[in-house]
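Chemist: Please work from the sequences and hints to get the whole structure.
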Amino acid sequence: MISETIAQRVLQAALSTGGDFAEIYCEDSESTRLAMTDGRVENASYSRSRGVGIRVLCGFRSAYAYTADVTESALLATAKAAAAGLRQEQAGNTALGFRAVCYANREETLFSPVTNDMRVKLLKEMYAGAKQFSGEITQVECGYSDKIQRVTVVNSNGLWASTVRPYTRIMVTAVASAGGETQTGTRSPGFGRGFDVYESVMTNELGVEAAKTAVTMLHAPECPASLVPVVIDGGFGGVIFHEACGHSLEATQVAKGNSEFCGKMGQQIAASCVTAVDDGTIDGEWGSLRGMDDEGTPTQKNILIEKGILKSYLVDMAGARRMDHPLTGSSRRQDYSFAPTSRMTNTYIAPGSDDAEEMLRTMGEGLYAKQLGGGSVNPMTGEFNFAVAEGYWVRDGKIVTPVRGATLIGKGGQTLMRIDRVGDRMWMAQGVCGSQSGGVPVNVGQPRIRVSEMTVGGKGEKL
Amino acid sequence: MEYERFRQELFRAALNEGCSAAETFKQEGESFSVSILEQEIDSYSVSRAFGVGLRVQLGGKNGYAYTEVLEEPETLVQKAMDNARSIENTDDHPMQTACDYSDITPLQDPLSSLSEEEKIGLAMEMERLVLAHGEPVLKCAGSVVETGRQTVSIHNTLGLAAEETRGYSMLLAEPVVKRGDEVRNSYAFRCADTDIRGLTAEAVEKAVGKLGAEAVAPGKYRILLQNEAAITLLQAFSPMFSADMAQKGLSLLAGKEGQVIASSIVSVADNPFEAGMPRAFDAEGTPSEKTALVECGILKSLLHNLKTAKKAGCKSTSNGGRGSAASPVDVSPSNLYILPGECPAASLMEQLGNGLVITSLAGAHAGVNRVSGDFSLLASGYLVENGSIARPVDQITVAGSFLKLMSGVIGVGDDLRFGFPGSSRFGSPSLLVESLMVAGK
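Protein sequences, first through last, are from chains A and B.
Under this note's numbering, the residues of the first sequence are numbered 14 to 476, in order.
Under this note's numbering, the residues of the second sequence are numbered 1282 to 1722, in order.
Keep in mind that the hints were calculated from the coordinates and are not lab data.
Glycine included, C-beta positions come from ideal geometry on N, C-alpha and C.
Some hints here could point you the wrong way.
[As the list claims (entries may be wrong)] Here are the computed distance ranges between Cβ atoms for each label pair:
| no. | chain 1 | residue 1 | chain 2 | residue 2 | range |
| --- | --- | --- | --- | --- | --- |
| 1 | B | Ser1545 | A | Ala87 | 52 to 62 Å |
| 2 | B | Arg1293 | A | Met14 | 22 to 32 Å |
| 3 | B | Gly1536 | A | Glu149 | 48 to 58 Å |
| 4 | A | Glu194 | B | Ser1605 | 52 to 62 Å |
[Stated by the list, open to error] Stretch by stretch, here's where chain A covers chain B in the computed footprint (C-beta under 8 Å, at least three residues):
| no. | segment |
| --- | --- |
| 5 | 1338-1350 |
| 6 | 1359-1372 |
| 7 | 1462-1475 |
| 8 | 1645-1653 |
Modeler: Take a look at the structure:
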C-alpha cells in the first residue's frame, strides 16, 4: 500500500514538530457477514476497509490522525495533522532505512475461494441442530463472519513489519418459548484461522447445545438474590478473570495510576492457587495476533500472575513511557481509525490441581455457573459484573435445579483472593472485548474454579 | 476515481447485470478529539473517514457490499449481487423513491465556531476546574473535548437523492476522588454546550457521593431510578419497540398495539426532529416523522423501516437504520425517550419515602435479556430513609422485568435528559417504581 520512499516522507512530516517517535499503520481488510433468521438467510454483506493511521509520540504526549485516502498527498496531510497535535515547532529525526519483518507466511485456505453457499451450509447445520432439539424452540438466529486483516506497521525506529490475520466466527442463538415466557441460549465459537477450520467444527452440535441451554432456562426458576459460594465452569467462565483482573493490568489503566493493581508488582494479588497468562502466540486462536501486535512488536506468552503473585502488566509503547516495564506484544486496535493501546489477547487462568467434582460436592449451598454471558468492569475501582447464561442451584453439594437470570458482581482484587479451587482441565471461549481502542477479538479461559463467596443478583425468592 | 463517477459506474453496472435497482449510502466525515492529563495533551486525534455502501436489488432480494476504495466498481457490484443471490427470506424490501424533506433546526453548537486551540484550552480549563474542588478530588483521569461532522448521501436508481450534514460535539470530565484507601470515580458530559462549570461540578458531586458506599441487605425495595439509570434500561430494552424484532417473534410487544403495556403516566416517543440530534431522513431516505410509541401506557406503534412496514401493511415510521455504511438496513430509533412528567426530583424523593435511589446501572450489554424482558444489573446509588438520603450504596444488583417495571411506574420526574449521542440517542426522566429485587450483602 505504501512505498519506502513515501514512508520516509510521511515519517519525516510526522516528526516535523519535535516528535521523538512516529508510526504508520496501514490496513486493508475484507470481510463477509451473513445472518439467518428462522432458517432463511436474511442478510449478506461484504465490506472492504482500507486506510492509514499515523501516530506521533513526544514524551508522554501522543497525537493520532487517520485517513481513508491513501494517496501520497493525503498521507502527508494526515502526518502533518498528527504532528500539529504536539503543539511544538522543531524537527525530529527519522530512520534512513527499514528492517523488514514479515509474519504472514502460513499456507492455508483463506476466504477468497469461499462461496456464500459454503458459508450458508454452516448456518443451516446450526439451525437444524437447534430447531430439531425441541418443539419449544420458537426461533433460531444464526450468524457467520469472516475477515482477512492485512496490516503493515512502519516506524521511525526503522521497523517495517507486516502480517495477515484471518478471523472467522459462527453464532447460533436459540429461543425457547412456552406459556408467554421466553429464554435464550447461545454458542459462538471463533477462530484465528481460514475457512478450513470448519472441517473440525460440529456445527449441528452447536445448535443442539444452544437449544439445550434455552430449554433448560425456560423451565428454571428465577435465581434468588444471595451471598454464596460460586463454582464457575471453564471456557467462557474465564470472563471473570478478564473483567475482575485483566483490564486492570492493562497499561491503559496502570500507566496513569488508574488501576487497583498499580504498584503491586511482586506482591500477592490473588489466591496462591491462581496462575494467569495472556498469550497472543497460540496458533490459530481467535485472540492471537499472527506474530506481531499492532505496533509491530512480536507477540509473546506473558505470565501475569504466578501462584498469586503479580508478575507482569500488559504494556504498549505509550504505556512503557510512563512505566518501568518492557513491551509485552499487547498493543491492539480494532482498525486504523483507532490509536493502539494495551489490550488482552488469549487470557486464561492456568490449570490447577483441584478435582472438578470435589469443588461442587464440598461447596454446601451456592451457585454453579455453567455458562456465562458478557460482563464489564470499572478498572479504577475493580467493580465488575457479569451475567450467568446457564446456572444451577446447589444444596448440600448437589445440583437441585437450574436457575435463570443470575448476575455475579464483586470487586476484582477481593474476588481473586477468594478463589479457593482451580480445576485441572482448562479450555477457552471467544468474545469481542470493547475498550479504548475499539472492539478486538479475545479468548477467555480457565478450568472450573470456585470462589468462596460472591454476591449473586437475581429476582427469585429463596429456593 | 471521483466519487460521482464511481457511483454512476456502480449504477450502470448493476442495471446492466440485471439488477432492478441500486442504491449508494455514502458517509464522509471528519472528527477531532483531545484529552488532557496534568495540563498536557495526553492524546489528540483527527480524522477524515469515507465509505460507501452499495445495495442492489436482484430478483426481489437485497445484497450489500461496502468499500473505502474507489476502484473496480464492477467487482463491488458482483459482490453485492452474490450476496443478493444468497438471500432466502422472501419479505419484500422496497427502496425509497424521490422525496421532499423538511428543514431541520439543530441546536446552536457553541463548539462549532471554536478553533483547535480554543478546544484544547477548554479541555485544560475543565481539568483545572475539577482539580480546583480540592479534597477529596485526587485527579482528573480524563478531560475530553470531541467534535465532528458527518455528511450522509443516499442516492438510488429510483430517483432518491438525499444529503445532509450532521454535526456533534461533546465535553467529558472524569474526576477521581480518594478518602483514606477508598478510590471512586465518575464522569459527566455535555453535548453542544460549553457549560464546563456545571459539567465539572456535576462530575465531582457524583464521584464524592460514592465515598463510603456499601451494599444493603437483600430484599424488595421501592426504587427511584434516576434519569441516567432509567436511560440505561430504556436503551437496553429499546429493541422491544422494533417491528423487525416483533415480526421475528423476538419482542414481547409483538401484536400488543392498542393494549396497555405500561403505567398510565408513561409515554414514549421517537422524535427524529429532537433538537439535540435532529435528522431530515432515515438511513433509507424516508422523510423524518415523530412517532408516538406509548401514550398514557397504551402501545400505539412500533418502529418500522420500509421492509417491516410493507410486511405489516403500514407506513415506515422513518426508523430505517444502518449501524454504519457497511451494515445492512435494520430498524433503529432516532431520539427515543420517555416523556417528562411534572414531578420535581425533590418531590419524587419524598414520595419514595423509604427505599433506594439508583443513580447508575452497569453491565447492560450482558445483564439484560431483550427477548424475555428480564434484567439483573450492577447498581449504585443511595439509601433513602423518610425522604432523605441516609448513605451511599454500591455492590448491589437490581433485578426485574422491563414490562413489569414500566407497569409499576408511580411517578415520572420533570428532569428529562439524554444519554450519549450515537446512531441513536435515548432519553428519560427519573422514574419512581413500586419495587425491584435487590441483592447485596
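Chemist: Which hints from the list above does the structure break, by number from lowest to highest?
Modeler: 3, 4
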